[in-house]
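Asks: These protein sequences, in sequence, are chains A and B. The numbering of the first sequence is the numbering used here, which starts it at 1 and goes up by one. The numbering of the second sequence is the numbering used here, which starts it at 1 and goes up by one.
Everything labelled a hint here was simulated from the structure, so no lab data went into it. Warning: the hint list may mix true and false statements.
Stated by the list, open to error - Derived list of chain A stretches under chain B, where covered just means 3 residues or more per stretch with a C-beta under 8 Å from a C-beta of chain B:
hint, segment
1, 25-33
2, 252-262
Stated by the list, open to error - Pairwise CB distance ranges (calculated):
hint, chain 1, residue 1, chain 2, residue 2, range
3, A, Thr185, B, Gly161, 40 to 48 Å
4, A, Met50, B, Leu551, 35 to 43 Å
5, B, Leu40, A, Asn318, 50 to 58 Å
6, A, Arg145, B, Gly161, 51 to 59 Å
7, A, Phe21, B, Arg410, 53 to 61 Å
8, B, Val103, A, Gly156, 33 to 41 Å
9, A, Asn318, B, Arg34, 54 to 62 Å
10, A, Arg145, B, Leu94, 52 to 60 Å
11, A, Leu163, B, Arg400, 31 to 39 Å
12, A, Leu163, B, Leu40, 37 to 45 Å
13, A, Thr185, B, Gln294, 53 to 61 Å
Even glycine gets a Cβ: it sits at the ideal position worked out from N, Cα and C.
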Amino acid sequence: MKDILRLPVLFLFFFVLLFLFFFGLSLLAQWGSAYSEGREIALQVIEARMLQSLLNVLPAAVLVSLAFLLARTAIKPGSRFLSLIIPLGGAFVLLAFGYQILVGLGPLEGAQPSVVDPTPRRYLAPGVFNAVESKVLYFEDLEERRLSSVVVVERGGSDQKLLYFPQGQVAVGDDSVILRMAGYTLEVDPEPVFAGMFAEDPVLRRFFTDLDFLNRELRRMFQLSLPAFYFAVLALVISFYASGMFFRLTRWHLLNAALALLALRGFLALFRFMKEGVVFELDKVLRNPQVLQFLPELVLLILGGLLLILDILFVPFNRWEEG
Amino acid sequence: MRRQMVQNPFSVLFVFYLLAFGGFFFYSIFTFPRYLAAFLWPFAWTKAFLLFMQYSIPVTVAAVAVAFSLLPTAETIRVRSSSQPFSRLVTSHLVTFITLTVVYTVLMLGFHPMAQRNMERFSSLTLQARAFRNMAEEAMEAGDRETALLNYQRYLAIDKGNRSFMELVNDMQMEIMAEAPEQRQAAASDLESMRIKDLAEGKEPYELFEMAEGFYEQEDYFSAHYYARLAFKIDPNRRDAQRLAARAQEMIAGKDLSMLEAEEKQLFERKREGYEYFTNKEYFKAFHIFRELQENYPNDADVISYLQKSQDRLSKETFFLDEAKQIDTLPGPTELLFINHREEGEREIVYLGKLAGMEAGTFCKDIEVMRFNPQGLLYHYYAEYGRLRDGSINLHGVDRGSTGGQSLPRYLSGSIRRRAESLPNILTLSPALEQLPSLKAGKVASATAASIGLFSLWQVRSQIERFGYLESIISEEILRRILLPFSFLVLCLLSVAIGWRFQARLSGRAHWILFVFMPLFPLVALSLTSLYLTAQRIILSFVLLRLGFSLSLVVFLVLQGSLLLVTMIVLAGQRTE
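Using the sequences provided together with the hints, build the complete structure.
Replies: Encoded structure:
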């Protein structure tokens, strides 16, 4: 019965640590993305995006804490019933109600105009070479949106590499930065000057894309209705909890851990694939696509439920104490 | 197998390394891009090495964790070594891990940039070879076979083993020679007739005298006179040589003395002309006159002396285009871009298409220079080739073969201003030669910087802002690189603890089916190690931007020390029971 106390405390401990760690990293990355505009602006950006960052890291922190707790219960199994109820309930409460509390603290980003609109200096630095896709851009000064003494460096096979323009204009849009010089227009993706220093490893790009998608989907469900949001959270929590089965699958515990981590990662990928792949395609075929809006969550729930039943029926709970 | 593991869990590591390198090698073969076929095997080895280094941390982590998770259980260890702490069991392995880390550091910081440069070399040389081939084909279509041959030869200088092109070049050479044999022979015989053969070299006076007698008998009185005089000059006691020279002189006088006089006069006139060019600092013209004279009078002391002098002076003010053109077939850093001067409100931006060193010097090609101030563009010019010497690029190339051929900057704008400068064909550079490879077009600390060694980055870091690059980006690249060996050691030790904690509780031998899952471990390790490295990079980048490079180094060392300490504690905390 020690589990009644031990499991929630452990879960909270993991959660607080991870939540703070992820939140800290997220803030540092935000700060870095706006640093080229000046320290003041960078701090304002952090302040403006704090709530959004908290919301973004919450699901990741809850789900990773859940995975840690599952690993812990696999290594040191206690009561099976409590090991089912406490992680599941705890994860649901933290994610569902934590999300609601955070949303209650202020409006979500997008619901109001951004407090700190990016200026061209976020994406272009004067007096240095700016790599803009396949070209390189140099300009002497930037005042408001006016560039002075602009040099575009054409790379590759062009005969004349350096092009000079006495002046230029820059406009920052949602999806692009547009540079207009006399008879020459350059449209590039908005990538902050110091973004490369804070960017994730290319290996993790898909993982972060999946996490972003998860956040967007949770927000969409939250805005749709509270029951829909609870349903999505439940599906996520159950599927992630069910992945814990893999921690006890074989007598080789390292293999179990690897399988469990892959299963957790697989659920994230499946969630996005269902929405962006399957639902998107079915959308074109079905007459009433509204029925599809819960399909990804439903699939996660069914898969999670199946794994849970398999776990209860066939996988020994105290595998780590065997042998 | 498990008993062997006890003795040496590094056998698992070795197998993982072997399989990983093999996999990367085959992957490299199958992903060989459209480079020249001659580069296939060098590419495969180099790419396999680069991939191996890129993924060596996750592979090592996975292998170590697997090895220690497959170690026999506590009972077996107790039989062998009685009950003892886990830390003592792995102490001997720690030394191996540290050695491995040293090897990894050497490979990552030393050999990895070299391999990266090799990869860039394959790419740039393939592009260059294809450009030569296209030029050759275009010249062939235009009927200009000499240009085609030249470009095919330049292509072959890169793709040396290409038999089809070798045969093509041989055929072309034969055809060109066969087409105009008379002209060539005539030109050769003209040259021979003009040249006084230097048969005297290394001969003794008596041999020279014998030669003179031979020429006298053949009624070649000029040669007889020359060799007889030479023999007398070397040995003044040889009166016979003096007499033979006199007889030959008489015979010449009796025939047509004006021929010798005319030749000597012509020689004197040409020497005087060359000397005048030399004193007027027209070294290029002087060089050509003395070179032409040297062909005809190889032993003339004046000609030898002034040819050497004019060549020396010429090489300081110009360079030979044939030497510079060798850069096309040589590997070297490409697309260099930097701000050259930042003074008096003016900026000068320099673009170098390629830079390469060779025996004849350091050359660059596709040089484009632009200078402007707030009022507008001052000048903009392009030079095809240049020679880098003493911190300046000489933009005046001359064709060694003809007096007319030369390469000068082509002005795209502002030629009057530039030409008014004291040395219009000299481009003085702010960056030093060793800094130049670091100034790659716009992306100094990204993938393109992978070919630059750590020490080069370190050297250029403090001055890089002068050349138009953000210092913090290159500092971050330095921190990223030195983070890798520390992470290698920390993660290796951590994976020992994880492997031991997640040990297999197998009742007998491990079932073979378990080994099917082996590829999963590096996959999982890849994500986890990437997360570890990304988190550290974000923290260090923040510290770098906020506190600067020196303090970020201190924070870096403290962070790595702390992580190592925590890892050692975790490692020491493992139990054998």
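Asks: For the segment 252-262 of chain A, count the residues whose Cβ lies under 8 Å from any Cβ of chain B; is that count three or more?
Replies: holds (count 10)
Asks: Per the hint of 53 to 61 Å, is the separation of the Cβ atoms of Phe21/A and Arg410/B within bounds?
Replies: Between Phe21/A and Arg410/B, where Cβ atoms are some 59 Å apart, the hint holds.
Asks: Take a look at whether the Cβ-Cβ distance between Arg145/A and Gly161/B falls inside 51 to 59 Å.
Replies: Between Arg145/A and Gly161/B, where Cβ atoms are some 56 Å apart, the hint holds.
Asks: Test coverage of the segment 25-33 of chain A by chain B using CB-CB distances below 8 Å; three residues minimum.
Replies: It holds: at least three residues are needed, and the segment 25-33 of chain A offers 5 whose Cβ sits within less than 8 Å of chain B.
Asks: Do Leu40/B and Asn318/A keep their Cβ atoms within the hinted range of 50 to 58 Å?
Replies: 55 Å, holds
Asks: Is 54 to 62 Å a correct range for the gap between the Cβ atoms of Asn318/A and Arg34/B?
Replies: 58 Å, holds
Asks: Per the hint of 40 to 48 Å, is the separation of the Cβ atoms of Thr185/A and Gly161/B within bounds?
Replies: 47 Å, holds
Asks: Measuring from beta carbon to beta carbon, are Leu163/A and Leu40/B in 37 to 45 Å?
Replies: Cβ of Leu163/A to Cβ of Leu40/B: about 38 Å, so the range 37 to 45 Å holds.
Asks: Evaluate the given range 33 to 41 Å for the C-beta pair formed by Val103/B and Gly156/A.
Replies: Since the Cβ atoms of Val103/B and Gly156/A sit about 39 Å apart, the hinted range of 33 to 41 Å holds.
Asks: Given a hint of 31 to 39 Å, does the C-beta separation of Leu163/A and Arg400/B actually sit inside it?
Replies: Given a distance of about 35 Å, which is inside 31 to 39 Å, the answer is holds.
Asks: Does the beta carbon distance between Arg145/A and Leu94/B stay inside 52 to 60 Å, or does it fall outside?
Replies: Given range 52 to 60 Å: holds, Cβ gap about 59 Å.
Asks: Just tell me: holds or violated, for the beta carbon distance of Thr185/A and Gln294/B against 53 to 61 Å?
Replies: Check passed, 59 Å falls within 53 to 61 Å.
The structure fails hint 4 only (numbered hints given earlier).
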